[in-house]
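Colleague: Fit chain B to the known structure of chain A by using the hints.
Top to bottom, those sequences are chains A and B. Numbering-wise, our numbering puts 305 at position 292 of the first sequence, and it's gapless, one number per residue. Numbering-wise, our numbering puts 643 at position 630 of the second sequence, and it's gapless, one number per residue.
By construction, these hints were calculated from the structure, which means they are not laboratory data. Since the model is a prediction, treat every value here as computed from it, not as a measurement. Some hints here could point you the wrong way.
Chain copies aren't distinguished; within one or between two, either way the pair holds.
DSS-like cross-link-like pairs, simulated, lysine-lysine; straight-line CA separation at most 27 Å [as the list claims (entries may be wrong)]:
| # | residue 1 | residue 2 |
| --- | --- | --- |
| 1 | Lys85 | Lys479 |
| 2 | Lys531 | Lys663 |
| 3 | Lys288 | Lys247 |
| 4 | Lys189 | Lys85 |
There are 2 protein chains.
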Amino acid sequence: MIKKIYKAHEWQIIEESFDASVHEMSESIFSIGNGQMGQRANFEEHYSGHSLQGNYIGGVYYPDKTRVGWWKNGYPEYFAKVLNAPSWIGIDITVDGEQLDLAKNKILSFTRTLDMQRGILQRSFSVELLNGTVLTIDTERFISLVRTEMAAIKYSIKPSKKSFIEVSSFVDSNVKNTDANYDEVFWNTLSNEIDDTDGVILAETKKTFFTIATGMSSEIHLDSVNQLLNPISKQKNGYLCHFFPVNVDQSQTITVIKYASVTSSLNHEKGLLVKRCKENLASCRILGYNALKEEHVAAWLSKWDESDIKIEGDVEAQQGIRFNIFQLNQTYSGNDTRLNIGPKGFTGEKYGGSTYWDTEAFCLPFYMSTAHQDVAKNLLLYRYKQLGKAIENAQKLGFADGAALYPMVTMNGEECHNEWEITFEEIHRNGAIAFAIFDYVRYTGDEDYLINYGLEVLIAISRFWKQRITFSEAKKKYVMLGVTGPNEYENNVNNNWYTNKLACWTLQYTYETFAMLKQTSAQKLDKLTQKLSFNENELADWKSIVTNMYFPFNEEFGIILQQEGYMDKEQILVSDIPVNQRPINQHWSWDRILRSCFIKQADVVQGLYCLEDQFDTSTIEKNFAFYEARTVHESSLSPCIHSVVASKIKNIDKAYELYLRTARLDLDDYNHEAREGLHITSMSGSWLAIVKGFAGMRIKSDLLYFDPIIPKQWKSYSFRILFRNHVLQVKVNAMQTEFLNESGTDLTIKLKERFVLVPAHQSVIEIL
Amino acid sequence: MIKKIYKAHEWQIIEESFDASVHEMSESIFSIGNGQMGQRANFEEHYSGHSLQGNYIGGVYYPDKTRVGWWKNGYPEYFAKVLNAPSWIGIDITVDGEQLDLAKNKILSFTRTLDMQRGILQRSFSVELLNGTVLTIDTERFISLVRTEMAAIKYSIKPSKKSFIEVSSFVDSNVKNTDANYDEVFWNTLSNEIDDTDGVILAETKKTFFTIATGMSSEIHLDSVNQLLNPISKQKNGYLCHFFPVNVDQSQTITVIKYASVTSSLNHEKGLLVKRCKENLASCRILGYNALKEEHVAAWLSKWDESDIKIEGDVEAQQGIRFNIFQLNQTYSGNDTRLNIGPKGFTGEKYGGSTYWDTEAFCLPFYMSTAHQDVAKNLLLYRYKQLGKAIENAQKLGFADGAALYPMVTMNGEECHNEWEITFEEIHRNGAIAFAIFDYVRYTGDEDYLINYGLEVLIAISRFWKQRITFSEAKKKYVMLGVTGPNEYENNVNNNWYTNKLACWTLQYTYETFAMLKQTSAQKLDKLTQKLSFNENELADWKSIVTNMYFPFNEEFGIILQQEGYMDKEQILVSDIPVNQRPINQHWSWDRILRSCFIKQADVVQGLYCLEDQFDTSTIEKNFAFYEARTVHESSLSPCIHSVVASKIKNIDKAYELYLRTARLDLDDYNHEAREGLHITSMSGSWLAIVKGFAGMRIKSDLLYFDPIIPKQWKSYSFRILFRNHVLQVKVNAMQTEFLNESGTDLTIKLKERFVLVPAHQSVIEIL
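Here chain A stands alone, though its shape is the one from the complex (with noise of 0.2 Å):
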């Protein structure tokens, strides 16, 4: 069923035939970044094949009109369209008259690698021309993780006969959306230089007005030779060449080293951009590739120190958390706080905007277990300095008294995504919001931050649920009507369980947050009410909600009901699927997807993951095998989940099989739709069913607590993490686990029952 198109190898991906019609996956499946840029694997040549254009430069957007007929009061004004950036890749190759073109020559090898370890996108490849010249190329590429805005090329031809070769290595302005409406363009270009050293084109956003400086400083060397000849300078408007014209005879080699750079207004003073932007390329110049390429390598190394996880005994496994966490790494490094993580990150433009829901309930544990404390506060920080838009929101929608909704989607904490039954409904991301802060808390211990910033968000959040909850005389119950739960496949529903438990869930934790802080903080605290006009009478409702709220479930089946109505649908198995109507997403019309029973993502099964501590076992057995057999894990956000809570209940093989789900999503495209982009945010979820999941890794009462399993498939699992200024080195086997504390003080963890302790730089050894 899943068509394998690359090869498993432990630290690559690696492509070794060219096939144009999985070329836009490839695109996606090889893209690289550095947190702040990034950009899909496009061809530095020209390629007259269908392609998906993408390079991208966090926290740049442009807000897309929603305003059509059937806009309603309180829709978004604008959807943010992630935008497809100037592109500075592109190098031109004429051979005797004849384009180098894969889509038109005859390929007799191709081989593209992606180097995770270090950080490389690679090719080496051989055509021959139509006048019988079989031309070899070698290329390599990478955004340098060190300095943030450069990047450099290195793209070699050896011709087998003597040949005329003109090289055109140019960057580009004239870039479009491929999701344009009416093929719009959403770049001014303000200005064009070049001179033989560099070429800067500046350009500007539509509405937007993101400033972008893209230059480029091109050489070519023959052989061994260094700078064989200077560029012929041509431009048009948007669009500047350095253009070669050499004459190379059989078996030499020529090569074009390429330095770019992109310094964008975020970042610097519109008036110095360009200037700003030539001093990068002149550091590239002085420093040379290859010292560029070194020190990049060498913060990749480093990178992998701190979040490596090692799998022995099945390299698909290995491969596939590797290229998770590389993606992930690729996409957030946490050091701005202005930006976050999209569901493509730097990989397509799908989904527009830059923060989900995703960040909390998916990456931040990944981000708080393998980088440093502050990465993880400035994920939450994001959310706090947006709350006043948070609360602008909700008034937007008749909520009121410093209620707050945040986003499903924003940029710059404004909503703006465009689908009512999305925007206004699915609101249980207020409830992820919430539970980021308990988790944080819960993972650092850092309870100073619940009364410098936590709590006041608690307060509007909770003030929101307040609100939005209503009392049913009919059944004497609080209830929460019209939303949508996370499962998507359904719509405006009534009492979405999850949702309703993640709002009691945020009352309860914020009244007894506020109880807390009153003894350890109460002068704070004080100040605090004063500013949010809060009445301690709100505790009281909040409390009450809380004791009388509507909880559907199933006497039948003895399980929560995802939804009220839901056991009213046909009851079908995701086994009755037909294989070939799956994903369904992509075979049913919306209408029979709305109503069949069929779920999208975990919904009940995200909630028992996140409240676990509140079910048994068996209820939590009973849940899983009644939704996992009706889910159909269309969201990349699903499989993950499901592996974690199958873990959980020692379901050993399914939480093997949503593992290889979740973190070969994109590799082995199980959703038919990785040519759309990569699944970024999702790849958090790899980790968590390896960490989380197998290795059952929780906080229980401030202390780190394991309770390991392995798929009969591995030989054994490696990871560290960060926790509370320890380090720790964690190693499951079938037989044992070992746990090596590589910091200066001893620690204790609990390994199911028993209390361990891992003195300072010792590993101890627990047999399972």
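Modeller: Using the frame of chain A, we list chain B on its own:
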């Protein structure tokens, strides 16, 4: 609360002063048309203030792209936009260099009149120019009801001083839609031709390639002098002008006579459009303005003979119903089966498309009773001809085996609206289309229609209901999940009572019709069942659904429940909404509206209206009281139905209040949106409120039935109806009802419980 803008008058709409803030509303109110084309009452002369320019041609539309980011399988491919067409009204005036512009000139007097009896739009006004000259201007304009491709304007100017007047009479294809997303232009101008006699622009719609010739012929007269001088012809792309520079003495009057003709590729070969247009203009010139006008006026007088309703003692009520009848007759004449009745007719851009369920559920009875039977039949045949498209539409959603889902909005049978909650879910429209067949046959007795056309549609719709209805194991009942009822302030609800009811009604009517035709038309039926691969087992399935369908009911209040879960909503009454928050759709977010208990339009009450014989009076009373208190009537289609039902239960004050609300909806701008265009389809609801409401007209066992009441504000009301080759005039006052049989054969009717014979050409008076 209601601000009266227009003077009450039995036959006219009169605006006695100019107020720029209501100008766009007046542009709607004073719209004119002839069933083939129509237009808003834009000024002939330049007007620099706010104006919604609108000139529309029946059947001409543009397929606006709907495949944006959130497009899903089964969503329509396009939204059919009603297109603003090339304009022929323009007459710009400059006097001694100063432009006539009511937004800038000092206005001394202003009267705008719509003479509904004669179908003429008039203005008389005077302005003082900066140089002190006072201009007195009289205009009149009509679109011929007789020659449906022609129209004319008479525009007179009288200066108080000797003046140099420049007149520019023009046609212009540089028109835009106000609702265009990106200032798109929808017309390509193909050719411009102008000479002294006439000027014609040929323009084509983009994508749909409708071609339209828009021509004019302009004459200028000074006092009684015929054609003063030949025009100077001017042209730019898409703009043709007859320019007249004239010296006018004090107290002389110059008069522009402008003939216009619009020919469309819907009715002519494209190559002949310009020729036909010129021929039309030539025939206008030969006929002359007065004769053209006289035949037009005569046609209107005869229309009124057929369809007038007279109300004595209540000028506002009289004006309201005549305004409604006038606009209905301007919108649809019933002699072109390709055309239908758009919700805004020719008065605005909003809603796009031409056909909604409005046609069957609201308009059919009006045309059935006031026009030849073929008009109603043509409305039915419109759907019959689109059955294939309706089956395709259902297939796109996953239905099979000949199931048909008629579109919510259409131009040519394809669904062309884009809100899933409407297109997929507001499927009750299928019921309305089935019910219209029953309604037509009940009224006309045309049972042949059933075997020749009707049953085929009924079977296809029944097949849809069969597949759309599922069995709930939880309820052990058939259910219909995920629908939107007539009340569009709910979306995606389960078991909307109205939809369930109409679905079961359709199934039952279909199998009863089948059984009846088996007796009467066995051979034809055989042919049909073969054509449709119809298996009689299908009948059994339908019966089983009818006998075991779930209908929501609330025991506590003893009422039918609009949908499952409705009583979980906070139960607030319309009377609790502050006046300054109404209409709620202009003050509340869509989120708040969806979650409120407020009902946009008749929903349960719509069912009581359609199927009243199934309910006893106390059931109707109880449900009406409950739902009327919660209904905000923010759909134009709502108050009329509530009015009819209020009359049925003899709640005459409520019926009268709701009659005024529907009949004067636009004149008094109840919903603050008349500037966007008029609510054409609901205008037949005003007719329903009188004829079915106050007069209680029904068809019972092939007889006309009446149960008249009269509002205390009225002295009498009278109307004429066509019924099965009879013309019956009915006049009701508080004491008696008079029936006048204008036809040559006797007619037996039923008045309450008694039979009344009304002999040919005689009248009968019955004391109430």
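Colleague: Tell me, please, which holds for Lys189 and Lys85 at an alpha-carbon limit of 27 Å: within, between, both or neither?
Modeller: So Lys189 and Lys85 pass the 27 Å test across copies only (23 Å; inside, 29 Å).
Colleague: As a check of your reading, is Lys288 near Lys247 (CA-CA no more than 27 Å) within one copy, between copies, both or neither?
Modeller: within (20 Å within a copy, 54 Å between copies)
Colleague: Cα distance capped at 27 Å. Does Lys531 pair with Lys663 within a copy, between copies, both, or neither?
Modeller: neither (41 Å within a copy, 64 Å between copies)
Colleague: Is it within, between, both or neither when you check Lys85 against Lys479 at 27 Å Cα-Cα?
Modeller: Answer is within: at 25 Å inside a copy they meet the 27 Å cutoff, but 34 Å across does not.
In the structure shown, a violation is registered for the earlier hint numbered 2 alone.
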